[in-house]
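Trainee: Read off the chains here:
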Amino acid sequence: MKRRDLLKTGAAAAPALLLNNLHAARKAASKPNFLLIITDQHRLDAIAGHGCRYVSTPNIDRLMARGTTFHQSFSTNPVCSPARSSIYTSRMPVETGVIKNGVPIKNSIASMGECLSRAGYDTYHCGKVHLPWAYPARFRGFNVIPVGTGFAEDNDRDISKATEAFFRNRQGNKPFLFVSSLLNPHDICAWVEHLESNVLREFPFAVNDAELPPVPANLHIVPPSPGILLTHDHSAVSATAWRRYMYIYYRYIEMVDREIGRFLEALESSPYRDNTIVLFTSDHGESLGNHENTGKGQPYEESIRVPMIVSCPGLVAGGAADMEHLVSGLDVLPTFCDYAGVEAPEHSRGLSLRPLLEKRRVEWRDHVCIEWKQVRRPGDPNGRVVRSSRYKYAMFRQDRQEMFFDLEGDPLETRNLIDSKEHSKLIQEHRQKLRAWEARMIPA
Amino acid sequence: MKKQRKGKALQDQSANPFRDVYGLADLYPLIGTREPASGAVLKYGMYFGKGRAPIATLELKKEHMPDGRIVVDAVYDKTMHAEDETKPLTVHSVTKAAFQFDKSLTAAKAWSLKRAFYAQDGSVVPGTAVEKTVSTGDGSLRIGTGGKTRQIRLKSPAIPGYALFLIFEALPRNGTPFRFTLVEDGDNVKEDQQILYARTLERQWNGKPLKLYEYHHIGAGIMPQIYWTDENGRMLFSWTALTSYVLQ
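Those sequence lines, one after another, are chains A and B.
Just so you know, the first sequence maps onto residues 1 to 444 in this note's numbering.
Just so you know, the second sequence maps onto residues 1 to 248 in this note's numbering.
No lab work stands behind these hints, which were simulated from the structure alone.
Not one of these hints is a red herring.
Facing chain B, a subset of chain A residues (Cβ under 8 Å, in silico):
#1 Tyr135
#2 Ala162
#3 His194
#4 Glu265
Using C-beta positions, here's what the derived DEER-type ranges look like:
#5 B/Lys148 with A/Pro443: 46 to 56 Å
#6 A/Glu346 with B/Ala53: 45 to 55 Å
#7 A/Gly172 with B/Lys148: 15 to 25 Å
#8 A/Ser389 with B/Arg199: 47 to 57 Å
#9 B/Gly144 with A/Leu407: 46 to 56 Å
#10 A/Ala236 with B/Gly144: 49 to 59 Å
#11 B/Ser156 with A/Ser235: 40 to 50 Å
#12 B/Ser156 with A/Ala65: 19 to 29 Å
#13 B/Glu85 with A/Val207: 39 to 49 Å
#14 A/Asp274 with B/Leu201: 48 to 58 Å
#15 A/Asn101 with B/Thr86: 18 to 28 Å
When the alpha-carbon atoms are kept at most 30 Å apart in a straight line, the in silico DSBU-like pairs for lysine-lysine are as follows:
#16 B/Lys87 with A/Lys100
#17 B/Lys148 with B/Lys103
#18 A/Lys174 with B/Lys132
#19 B/Lys87 with A/Lys106
#20 A/Lys31 with B/Lys148
Treat the numbers as computed from the prediction; the structure is a model and nothing was measured.
Note that beta-carbon positions come from the ideal geometry of N, C-alpha and C, so glycine has one too.
Required output: the full structure, derived from the provided sequences and hints.
Mentor: Next up, the structure:
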C-alpha cells in the first residue's frame, strides 16, 4: 500500500477512531462491573483452548477468544480454602490465617466484598466459599445468594441458575461485583477411592479407546522429594484405570463449562455486556496421574498452575495470550480495585493485571511464592515454592530433601537438580528469593 | 401403593437387586405393577452419594392427548441448606416445566419452564426467578426469555433433561445407540449424547424373578450414567456414581 493510500485510509477511519476513543473514554469514566468465576481443582491445561484434545470447553474458549489468557498463572497454595483466602484478600494464606481447609479469614483483613462495597459496588456471592463454611448463608462483605452443600454434579446447576437469574433480573446502574463460585471439577475427589475399585476396573461404558486420554509421560516418575510427598502409593493402579479417571475429570470440566455458558449467555444478552469485566480462575489444579498423584497439595505444576482469563469487550485486549508474566490469585483483588478506581488494600501482595490487559509496558515480578502442605499452625513444618519464569525451587521445612527443576528442559519435573553443581548459583538465588518473600509476610 | 423401603430397615438384604451391582446397598426403588401406557405419574428421589434421604424430588406427570401428542408436566424441587454457625438457611430450588412431544417421546416439540429459589416461607428469593419458552423445528432449538430469543442449530433431536427418564419406553433394546441433544434443566444444551442398551439383569425381588434392563448414557458435559428400567421401559433407577435417582 502506498503512503497516499495509507493517508486516505487514515482520513476515512478518523471518525471511527474518534468514536472509538469517545466510547472508551465514556467507559473509563464509569466504573465497570465485575463477574468473578471460580472453579475448583481446575488445572490450567484442562481447557480445549489450551490445546487439550480430550475435553470440549466452548464457553471457556469463548472467554479466551474475547479476552487475555495468562499462561503463567499460579495458585498461592494448592488447597481450596487457603487459595481462596488469597483470591478474596490479596494476602498469602500464612497471613490470612487460612493455612488449611475450613478456617475463616482473619477478621482484621479486608475481603474483596468489603473493598468493593466501600468503592460503591453492590456485591453478591453465589457458590462455594469454604472460609470456613463451604456454602455459607453469610460471607463478609457480600450479599449471599444461598445454595446448599453437596456434590458439584448437581450443586453447580443451582449456582449457574442463580447467576443467570441475576443477569436476567438486574436493574439499575450501580456497579456490581458478582462472584459465581462453582465446585467442579472438584467432584473428581470422590473418584480417588474408585481408582482401585470395581467402578473404574469394570467401567462399563462404550467409550472408545481413542477417547480415553493417554496417561501422562511422568505417571511413574517420582523424583527425589521431601518425604511428605511420598506417603501415597498408587503404583498398583492400572494404566486403564488412570485413563478412565482422566476421562471422568474431563467430563467434570465439560460440566462446569456448560454451567458457565448458561450465565455467560445471560450476561451477553444483558445491558451489562460491554461494561462487565469477566475474570475466570480456579483455586488449584489436579494431579491427574502426574507423578503418580491424584488431587492437589503438591508443589508440582499440575497442582499449582490454574487458569486466569480476563475478558471485557473494549476494555481488555481480545484473543491475547500472555505467555510471559507470572500472575497469581493474589492479583485478582488489586485488579478489581484498579478498575474500580480505588487503592488496593494495605499490604496487598498482588499486582493489578490492568497494565498487562491494556498491553502497557510495566515492571513485573520475576517470581511468585507458593505455600504447600502447611498442615496446622503457622509455625509447623510447611512447604514453600519459588517459581520463576524458568525454574522452580521447592522445599519442605524440616526435611533435608529440596527440589529444583529447570522447567524449560524438563516441563514434567522429572529430574530434581538440587545437587547439580551447574545450578548451584541459581538454587542459592531462589533460596534467597524465598527468604526475602517470607521476611515480608505478616503471619496471622 | 407400596411404601418405599430403604437402608437397613429392609430385612432381606439379599432380595435387593441393587446391592450386588455397583456396590449400592441403600437404595430401594419402588417396583410395582406396570403404569398405564396412556399416562403415568412418576416420582423420583434424588440422592447424593450414599445419603439415605433424598435431597430433591422430581415428579413427572405424563398424559397422552386425544390428538396423539404427549404432554409431560415436571416439578423439580431441591432442598438446599446453606451453612452458618448461628443461622443456617434452607432454600428450595424449584423448576416447573411443561413439555410437549409430538407422538414420540424421543423428540420434544416445545416446552416452557419457570424456576426460582424459594425461602422457607414460600416467598421467592429476590432476583432468582426466570421463565423461558423453548421450541424446536427446522433443525433448530429456539430459547426465548425476557423478550429475546436465542437460536441454536441442532445436530440431533432435543430431549429436555427433566423428561429424559420417560424416553426409555420408546428406545430399542439392541446395539443401536440413540443419539440426541440433551437440554439439561430445559435450557442448557449438551450435544453429542448417546444412550445405548447394555444388558438385561435377572434378579429376585420379593421372591419373584425380576428383569432389569440396563442402559448407558455418555456424552459431552455429563457424567457417564447408568439407567435401569423395567420391562415396560419405566425408569427405576439412574446412577452416576455420585448422584442417583430412584423411583419412589
